[in-house]
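A.B. asks: In order, the protein sequences belong to chains P and E.
The first sequence begins at 1 in this note's numbering and counts up one residue at a time.
The second sequence begins at 301 in this note's numbering and counts up one residue at a time.
Honestly, the hints are just simulated from the structure, not real lab data.
Every residue gets a Cβ at the ideal spot worked out from N, C-alpha and C, and that includes glycine.
Misleading hints may appear alongside valid ones.
[As the list claims (entries may be wrong)] Covered stretches of chain P (chain E as the covering partner; in silico rule of three or more C-beta atoms under 8 Å from a C-beta of chain E):
no.: 1; segment: 30-44
no.: 2; segment: 158-167
no.: 3; segment: 209-218
[Said to hold, decoys possible] Okay, derived cross-link-like pairs now, SDA-like style, lysine to any residue, Cα gap no bigger than 20 Å in a straight line:
no.: 4; chain 1: E; residue 1: LYS525; chain 2: P; residue 2: LEU53
no.: 5; chain 1: E; residue 1: LYS635; chain 2: E; residue 2: LEU439
no.: 6; chain 1: E; residue 1: LYS384; chain 2: P; residue 2: ILE66
no.: 7; chain 1: E; residue 1: LYS709; chain 2: P; residue 2: VAL162
no.: 8; chain 1: E; residue 1: LYS384; chain 2: P; residue 2: VAL162
no.: 9; chain 1: E; residue 1: LYS438; chain 2: E; residue 2: LYS635
no.: 10; chain 1: E; residue 1: LYS559; chain 2: P; residue 2: ILE133
no.: 11; chain 1: E; residue 1: LYS718; chain 2: P; residue 2: SER70
no.: 12; chain 1: E; residue 1: LYS718; chain 2: P; residue 2: ILE133
[As the list claims (entries may be wrong)] From chain P, some residues computed to sit far from chain E (all C-beta separations above 10 Å):
no.: 13; residue: ALA104
no.: 14; residue: LEU116
no.: 15; residue: PHE136
no.: 16; residue: ALA141
no.: 17; residue: ALA151
no.: 18; residue: ILE183
no.: 19; residue: THR204
no.: 20; residue: GLN205
no.: 21; residue: LEU227
no.: 22; residue: THR230
no.: 23; residue: ALA265
no.: 24; residue: ILE287
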Amino acid sequence: MQDDTRRGLYNTPKEIAEAVVFALPAILFLVCFLLIPIVGTFVSSFYRDVSYLPREFIFFENFRRIATDSTYWRSVYFTVLFVACSVAIEMVIGIIFSLIMHEAFPGRGILRGIILVPWAIPVAVSARVWELIYNFHYGLANYIVTALGIAGSPINWFGNSVGAFFALVITDVWKTAPFVAIIILTGLQAIPEDLYAQAKVDGTQFMQRFWKITLPLLKPVIVVALLFRTIDALRVFDLVYVLTKGGPGGSTTSVSLYAFKTFVAGDFGYGSAISVTLFIIAWLFSILYIKSSRFLEEVK
Amino acid sequence: MNHTIGNRRIIGAVILSLAMCFTSCSRREKVLTFAVGGAPNELDFWEQLCENFQKETGIEVNLIRQPTDTDQRRQGLMVGLRAKKSDPDIFLMDVAWIGQFAASGWLEDLNSLPQSESIEVEKFFPTVVNLAGIYEGKLIALPIYVDGGLLYYRTDLLEKYGFRRPPETWKELIDMSTKVQARERATNPDFWGFVWQGAQYEGLVCNFLEFAVSNNGGLLLEDGKISVNTLENVQALQFMRDLICNYRISPPNTFTEMKEEEVRIFFQQGNALFERNWPYAWGNHQSESSPVKGKVGISPLPSFPGGRKASTLGGWHLGISIFSDSKKEAAQFLKYVTSYGIQKQLALNLGWNPGRVDIYEDPEVLSQLPHLKDLRVVFENAYARPNVPYYTQISEVLQRYINAVLAGKMEPVEALVKSEEEISEVVRNYAR
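This is chain E alone, in the form it adopts within the complex:
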């Protein structure tokens, strides 16, 4: 997820990482360094976890606090890995760039580590492990938590206007939005039917893939060629533009300002009927100060006739650096973080969706987070972005052209034809 940047946190991270550089020269035996980013409450959680781990095992863990922004976390890790530095030993990676890290040879094969048999791979979502955790036959990371796009809806408004269930198809979503939007605007002129992420960034590609796959489209990888210019994708892209320009149920700033947080806040203020977002928004919507608390439901995203309900796979994976000088301890730490108890804590304390499937059957977790039951199905069927090392370059191309279509600067067919041309250029430059 791309949250907003906290500048203080960046500065903090820089100072900290400088400090780490200096202290690492005189490091004692058996000190692990663990790099992780996130919101302050998340970092507090990790800090506590490291302390508990030390109490149990006697292994000291140095926490490197990274920013929230995924690009900056990636860059921070790359600096050390490129220089073959031994720390951080263990770190979290976004599913969108794990392929690059794996292909660069920066990740240890978890099965080659001592006591690797005690890593319970089979307890994790098999689809997620297969799509992102395994690279060229090697297990290089485990999903700490998983993400997927969801449809959030206002239960109170659907009921008020006589709708019994959330939309199953995109057409139903348009009908419901049009009706509710027209009526609600009498009291709230800035009310919109459906908000989603359309700004030029990674989130846009995730949204596009959901629309496309729900129309039986998506990115096709065949013999090193990636095709995107298909009829299904053109229709999906046209539909995205129509949501803004034709049906007018998504606000005009969808393609300029709407990223995860903008969408979440807009919906949370009670200004929208439907919202596409990641699972993290659920906890925020249900918080004490939220105006829509208790009025929100979640369901899988709708589909086109004959298409399947699609959700782009997101989430963060834990991997061990190939340059680590304490791999045994790192493996112990990995085992600890992926254990049932800690994964359960992640769900209960942070509201995250654990990578372990068995948590989704835990009675205590389900009583506190009943929506996890529905999420399990979503994650099991999630659509993964291509796990190739040059995915970021492909995404850059798509972001630019899809955003241009939403801005009305280009027609969908032209945009996808040009995307495909530029993507084949990317493949030429970067494929092995």
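Pulled out of the complex, with its shape left as it was, chain P reads as follows:
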């Protein structure tokens, strides 16, 4: 890699000292706000840490309990399905948005602004807004379906597992597709215009150029966007907490909501163990993405 060229930069003790001083704030920050809490959570997960029971080291007992906890596995199932659906849709819509935002046309600045608005709103606030849209009695969604004659009577959107699931996915897509769009836009801006000019000379169609030039060159940013979105969607909490509270019948309980409920009930050991599993799932996903992007690189 680039190690040998870089190592040459920090030769003298003075230079090394300077490097340490400059890096120290960032390292301290990471240690305080990331490393300590993560290690703390791992340690807690090996204890029975319930506020009203004696604290006791129980090794893997919490994880053994997780293995047979049907509520936990249901929450994993919901969370992974939620990640798969929402991230896939966000990618497609995000790429389309970014292509639109990349074109030069009058009013582009305004359009870029509008597309980004949902991303700027805090999740809890947008969840509240969508709660009103889905409301059975006076929500916009029911107004539209009844006015257009799609449904004879109002629909109880959260009334079954499928409806509640897609209501959550739609809200998440609305909220985070713009984020994907910005990341991909930066990738688009890095593609040299010459490539397109040459391709046009060769007589290619728009879709051909998209598949042969745009998409392959966007791959690095797409992997970044995928990674960010997957990790973010895996810990979905506020959306579910506001919109469904995990209902109906517990079918939309996400892993982090389950961990939260466990913490609130006073069981910090088991809650930590659940969080640790979520950490591991997120970690596996990141490895998968990074490995697959390297693999593709090598194939090329």
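Fit chain E to the supplied structure of chain P, relying on the hints for placement.
C.D. replies: Just chain E now, kept in the frame of chain P:
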């Protein structure tokens, strides 16, 4: 009560609690910290109260403003208590989690405090004190205000359709609802007979227990075993589902969206004949801007034949932290808040139902809040949720299965069989 979350308030609370952390390092002598949450007008009331207390006693009280949401208030308190921090010294607790706090050893025995004889325990609802305020023989908290489920009804509509009194039994409620709903829909297509809390949260368990106990059911605690799968409970659960799917007098979104505020607003807009809610809704219904002002009555909830009228006990209790470094002052503050004068103010200014029984005989209070007379009976007979430290885990199980029945995903018997299995798992994991 689970009110909706105010995000600004949460952020405010976070900033405030951070600020408290920093200021507490340099705290002076005799400063009490008191943690309390609620609506802005309630917090203003507490602020004023703290000022008055300081004027009378010279003890400064720092108010920690908590959010309205009960889970977040609980979590906020737990962070400090787990770290054995000396503040807050004194705080309010929901009756649903007071058991956990007591079992964790976080609450001071009020009888062990200096001048404890002047705390007038006997003036409070004995049932409430026995069910929630006393834990393993120790007095750990006093009820600042009490809550119980009530039936609100539209006096004008009952009269219009020739009914002389509110329903005594669930069957009467169905008959009245069916008739009124059918006729009223001619002018208001979104009119429903009976609204109650069916979303998957703590309020659902409170509602379920009322239906169940009014059928002589409920949660049975015996020798560390909790049984819920009884014929009475199955019937009650089937009835809840029938209200939505069979009698169709409760709207389909009962089990998805209906929490206290949703129910209150729906009824207040004039869209329902009956409403199950806590006493706080009364003040809202009678406010100037309410479309149903002057057209609302309250009564105990109906029962099944042979059952008793049941109301789930709610409310908030005041307790003192075992880690407090100013217990003497905290006890003084507790005495102040539970005094006749302040409890009366709570009723008059906030419309709350005081924990002290003697307020319910005060002529001034009764002339302003005549309904308190009826509420007294309700509170005296309220049904308490099991006062065990792992109640929240039990409730989580029940919420999930009862909600699944209402959603039509499961039959009542199956749901209660599975609940009982999971609850015994909870007991295995958490009982001492």
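A.B. asks: Check each numbered hint against the structure and report the violated ones by number, ascending.
C.D. replies: 1, 3, 6, 8, 12, 15 and 23
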